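There are 2 protein chains.
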Amino acid sequence: MEGKAQVQEAIKIQGEVVRKLKSEKASKEQIDEEVAKLLELKAQLGGDDGKHQFVLKTAKGTRDYNPKQMAIREKVFNTIISCFKRHGAETIDTPVFELKETLTGKYGEDSKLIYDLKDQGGELLSLRYDLTVPFARYLAMNKITNIKRYHIAKVYRRDNPAMTRGRYREFYQCDFDIAGQYDAMIPDAECLKIVHEILSELDLGDFRIKVNDRRILDGMFAVCGVPDDKFRTICSTVDKLDKMPWEDVKKEMVNEKGLSEEAADQIGEYVSMQGGMDLAERLLQDQKMSQSKQACAGLSDIKLLFSYLQLFQVTDKVVFDLSLARGLDYYTGVIYEGVLTQAGVAPVSTEAQNGAPAEESVSVGSVAGGGRYDGLVGMFDPKSRKVPCVGVSIGIERIFSIMEQKAEASAEKVRTTEVQVMVASAQKNLLEERLKLLTELWNAGIKAEVMYKKNPKLLSQLQHCEESGIPLVAILGEQELKDGVVKLRVVATREEVDISRADLIGEIRRRTSEA
Amino acid sequence: MEGKAQVQEAIKIQGEVVRKLKSEKASKEQIDEEVAKLLELKAQLGGDDGKHQFVLKTAKGTRDYNPKQMAIREKVFNTIISCFKRHGAETIDTPVFELKETLTGKYGEDSKLIYDLKDQGGELLSLRYDLTVPFARYLAMNKITNIKRYHIAKVYRRDNPAMTRGRYREFYQCDFDIAGQYDAMIPDAECLKIVHEILSELDLGDFRIKVNDRRILDGMFAVCGVPDDKFRTICSTVDKLDKMPWEDVKKEMVNEKGLSEEAADQIGEYVSMQGGMDLAERLLQDQKMSQSKQACAGLSDIKLLFSYLQLFQVTDKVVFDLSLARGLDYYTGVIYEGVLTQAGVAPVSTEAQNGAPAEESVSVGSVAGGGRYDGLVGMFDPKSRKVPCVGVSIGIERIFSIMEQKAEASAEKVRTTEVQVMVASAQKNLLEERLKLLTELWNAGIKAEVMYKKNPKLLSQLQHCEESGIPLVAILGEQELKDGVVKLRVVATREEVDISRADLIGEIRRRTSEA
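Just so you know, the protein sequences line up as chains A and B, in that order. Quick note on our numbering: the first sequence kicks off at 7 and runs consecutively. Quick note on our numbering: the second sequence kicks off at 7 and runs consecutively.
One or more of the hints may lead you astray.
The list treats identical chains as one, so a pair stands whether inside a single copy or across any two.
Said to hold, decoys possible - Think about it this way: if two alpha-carbon atoms lie no more than 27 Å apart in a straight line, the pair counts; the simulated DSSO-like pairs of lysine-lysine are:
id	residue 1	residue 2
1	K18	K294
2	K81	K124
3	K323	K246
4	K118	K160
5	K412	K459
6	K124	K66
7	K389	K256
8	K309	K48
9	K246	K392
10	K256	K419
11	K460	K43
12	K74	K149
13	K249	K323
14	K160	K81
15	K106	K124
16	K309	K442
17	K28	K389
18	K160	K34
Since the hints were made in silico from the structure, they are not lab data. Every value quoted in this text rests on a predicted model; they were computed, and no experiment measured them.
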């Protein structure tokens with residue numbers, strides 16, 4: 007530990023930093039971070055009682071879910087899981103960490119964001135970065151060549167968190183993937199149908215699903231004169247088009263990546279194109295584009311894809327968009343992204359709060375993404391046997407943020423328990439009788455509770471019901487016990503009725519079955 | 007990388023190791039581990055095609071869950087969650103890692119088993135070791151003084167895995183805890199009721215719930231002449247009684263921990279005692295035990311606890327057992343453990359397989375445990391405000407193992423999807439018609455699938471249904487399309503009936519609602 011005087015000096019300086027940030031109205035996150043440092047320094051000095059003082063927080067970029075948030079999360083998960091099950095998916099689970107080498111060489115530039123575990127002897131391990139690479143490892147390891155599975159679990163990225171915008175270091179992914187050698191574009195179309203169903207059912211406002219194909223991008227780069235070895239890096243720059251205007255993207259291509267101005271301009275023309283099957287047809291006739299075999303293969307598949315999407319009745323939301331690039335290395339064919347387009351429900355960005363133009367908050371960013379990755383499983387197979395795969399990942403943290411805001415704004419109270427009845431008493435010394443009745447109810451499968459007090463006040467028992475939304479109270483008193491009845495009170499209406507002990511369970515079931 | 011010759015030499019030696027283990031019929035785990043080392047060495051040499059060869063495995067002590075295992079897991083979770091909800095619990099979630107200092111000083115000797123993350127700049131983090139400490143951190147951080155919550159999540163321990171016995175380094179805990187200042191023993195009794203309900207409903211054979219109290223243990227140590235500073239370490243030794251005979255436990259107390267033979271013998275007498283409320287009453291009259299105020303407080307509470315357990319109708323399985331100690335530091339009052347006692351369903355231990363007496367496999371070990379920890383939240387509160395807590399943790403990996411064995415042994419097939427109907431065709435060129443009908447079904451909420459082939463054979467479509475337990479097939483052909491009907495086939499009976507297109511959804515719902 008450092009000398010006391012040194013620590014006190016450090017506290018003084020850090021205190022200044024915090025004051026300065028507050029006076030400059032810096033972001034809450036930034037202030038919180040500096041306050042945490044300050045508290046840590048103060049903790050080094052020891053508290054009043056000489057005890058070590060904890061910094062009471064969760065790790066940077068992570069959060070707890072409280073019961074209300076969990077209730078919302080459960081609802082979102084149920085919608086998503088029902089959809090995955092409706093489409094016949096099984097589910098698997100994999101460990102939260104993998105051998106470090108399993109993740110190596112799969113994520114390109116993003117590899118630096120992987121969390122490594124400390125070397126405590128034994129294997130070198132890393133926290134999973136997504137669910138796709140562990141899925142591919144699972145397929146290769148178990149020699150599985152056909153499966154339709156979903157996997158819902160947390161993944162980990164040492165990214166710059168922006169928690170107000172739903173960007174965390176620990177976050178959920180809900181993945182659905184189809185592995186197997188099948189006829190072209192049928193599983194791919196089903197993945198888009200799933201995105202359509204989930205975004206519709208979650209009722210998050212209007213949305214678009216952008217579609218493109220890696221082969222079209224590569225073909226486009228080739229015919230525009232991008233050198234082969236620059237495809238991936240130019241692709242990363244194109245990927246920034248949803249955050250940056252074309253002028254800046256072009257600048258990056260020319261100044262940073264060394265592309266010719268002419269090539270960049272040609273790319274600029276293509277990436278401004280959006281449409282449907284008609285656009286794919288037009289580009290197949292395009293003098294330049296049609297020179298690339300790869301592009302033509304991609305364009306034919308886009309046409310086929312749209313024909314299936316018509317049968318699935320989802321073309322109203324799907325756009326063939328040549329600016330869609332997606333960062334990850336492993337995609338080999340169709341790629342897509344689901345984007346919410348309705349302003350208002352969007353998690354408000356810090357920039358917008360600080361007076362940026364309102365349009366900024368219209369683009370909410372992607373809530374779903376995926377594509378075809380036919381080479382990934384082969385990277386794990388000792389004999390490089392390929393298992394073609396296509397899948398989609400629903401990014402639900404943003405969806406949670408939106409649902410939370412909606413719940414906040416709505417008058418309806420979110421219940422965090424499912425208790426149907428509270429067993430209460432109006433008089434003293436009835437704990438035993440309350441526990442006996444409670445046991446009867448539990449044993450019959452009724453969700454029930456009591457207050458853990460020998461002699462609780464009736465008012466506080468009723469108040470608890472109001473607060474937590476419990477619809478019924480079963481009240482016991484000397485008279486009720488003598489008469490072999492229970493007074494059943496409806497919390498919402500305050501109506502009370504005596505029910506014989508034998509009929510109570512049926513009556514509670516009847517009254518709570520609609521709820 | 008080492009020199010090629012060196013690696014080749016190492017491969018030779020490692021090959022010998024593996025052969026030797028196999029010839030000695032060593033455990034599968036041990037062989038797998040050495041084979042992994044061998045593969046790693048071979049990988050260093052590079053494969054035939056010069057590519058890096060992966061060691062295809064999950065991290066030591068972890069496993070994937072395949073779809074069948076997930077189906078069983080889902081069933082177990084549903085039973086447990088229904089029980090927690092029946093008892094009125096909310097749920098929360100916390101991050102998989104915590105600040106390292108949050109976990110420091112909570113687990114005694116077990117702290118060495120905590121997984122640390124690598125220092126990649128920023129905070130020092132560790133994977134959670136249990137769900138109790140994060141819960142206490144959550145309560146202190148949010149100043150919550152009353153909550154009844156459950157939390158189901160994975161925890162991490164760098165322990166020696168024994169995966170055949172259901173002991174992993176990554177495993178689930180299902181925790182239920184009640185925090186708040188309440189009248190004595192009411193929440194404690196509810197925790198035992200919950201263990202009773204869950205172990206009964208999971209139908210794992212007979213079980214016992216052992217109960218004791220930290221204050222009784224400490225009082226017992228005091229009156230037997232154990233020096234104050236040896237309470238915790240002698241307690242750890244008592245905790246080994248379920249794995250070691252008394253003679254060995256005594257030896258450890260006397261030879262390793264320096265306890266007098268006389269004190270050890272006195273402890274030996276007490277820890278052989280088992281009973282119910284009557285034993286608590288007898289010990290309250292015990293000349294020696296009654297000298298300890300602490301022990302008397304504990305014994306009175308055990309009496310009160312049993313009176314509530316009678317009302318909850320669970321005394322048939324609960325035993326007051328003075329040998330129950332439990333390892334963790336943070337318990338302050340009642341402690342308990344649920345143990346399966348029926349032989350046969352138990353995961354067979356390696357010792358038993360190697361010819362040890364059959365009785366060894368009777369003790370299956372604990373599948374649930376918990377107790378009262380009134381001081382833990384205060385350790386996180388800057389002002390040391392106490393929040394009394396009591397809780398229970400269901401250890402479900404062993405339960406999974408047993409359920410898997412039961413499923414293996416049973417004739418009934420475990421379904422891994424919920425698909426109600428397969429849309430099939432008997433003739434060629436009907437993909438579009440199949441996709442149209444599929445869309446109708448999905449849009450009506452029916453779980454349905456097709457084969458992703460343009461022209462699949464009818465036989466292979468029917469075989470897929472048999473294999474994955476899909477009960478119905480909706481068959482389309484030229485004739486059916488002309489007649490506006492669908493041929494609905496019941497897979498089990500091979501019965502076929504034509505249903506008009508308009509009635510199809512109702513008919514599928516009707517036929518699958520019982521399933």
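Okay, the hints, checked on the actual structure:
In this assembly of identical chains, K18 and K294 lie within 27 Å of each other by CA distance neither inside one copy nor across copies; the values are 66 Å within and 58 Å between. Taking the closest pair of Cα atoms, K81 and K124 never come within 27 Å of each other, the shortest separation being 36 Å inside a single copy and 35 Å across copies. Only within a single protomer do K323 and K246 lie at most 27 Å apart by alpha-carbon distance; the minimum there is 22 Å, versus 64 Å between protomers. Taking the closest pair of Cα atoms, K118 and K160 come within 27 Å of each other both inside a single copy (18 Å) and across two copies (26 Å).
Taking the shortest alpha-carbon separations for K412 and K459, neither the intra-copy value of 37 Å nor the inter-copy value of 42 Å comes in at or below 27 Å. In this homomeric assembly, K124 and K66 come within 27 Å of each other (Cα to Cα) both inside a single copy, at 18 Å, and across copies, at 15 Å. Taking identical chains as interchangeable, the C-alpha atoms of K389 and K256 are never at most 27 Å apart, the minima being 42 Å within one chain and 57 Å between chains. Within a single copy, K309 and K48 get their C-alpha atoms no closer than 64 Å, and across copies no closer than 47 Å, so neither meets the 27 Å cut-off.
Taking CA atoms no more than 27 Å apart as the test, K246 paired with K392 passes in neither setting, with 31 Å inside one copy and 51 Å between copies. Taking the shortest Cα distances, K256 and K419 never come within 27 Å of each other, neither inside one copy (49 Å) nor across copies (59 Å). For a Cα distance limit of 27 Å, the shortest separation of K460 from K43 qualifies neither inside one copy, at 46 Å, nor across copies, at 62 Å. Taking the shortest alpha-carbon separations for K74 and K149, only the inter-copy value of 16 Å comes in at or below 27 Å, while the best intra-copy value is 42 Å.
Proximity of K249 and K323 under a CA criterion of 27 Å is satisfied intra-copy only: 21 Å inside one chain copy versus 63 Å between copies. Proximity of K160 to K81 under the C-alpha cut-off of 27 Å is found in both arrangements, the shortest distances being 17 Å within a copy and 21 Å between copies. Taking the shortest alpha-carbon separations for K106 and K124, both the intra-copy value of 11 Å and the inter-copy value of 12 Å come in at or below 27 Å. In this assembly of identical chains, the alpha carbons of K309 and K442 lie at most 27 Å apart only when taken from different copies (18 Å versus 68 Å within one copy).
Taking CA atoms no more than 27 Å apart as the test, K28 paired with K389 passes between copies only; the shortest distance there is 26 Å, against 59 Å inside one copy. For the identical chains of this complex, K160 and K34 are intra-copy neighbours only, at 25 Å inside a copy versus 31 Å across copies, given an alpha-carbon limit of 27 Å.
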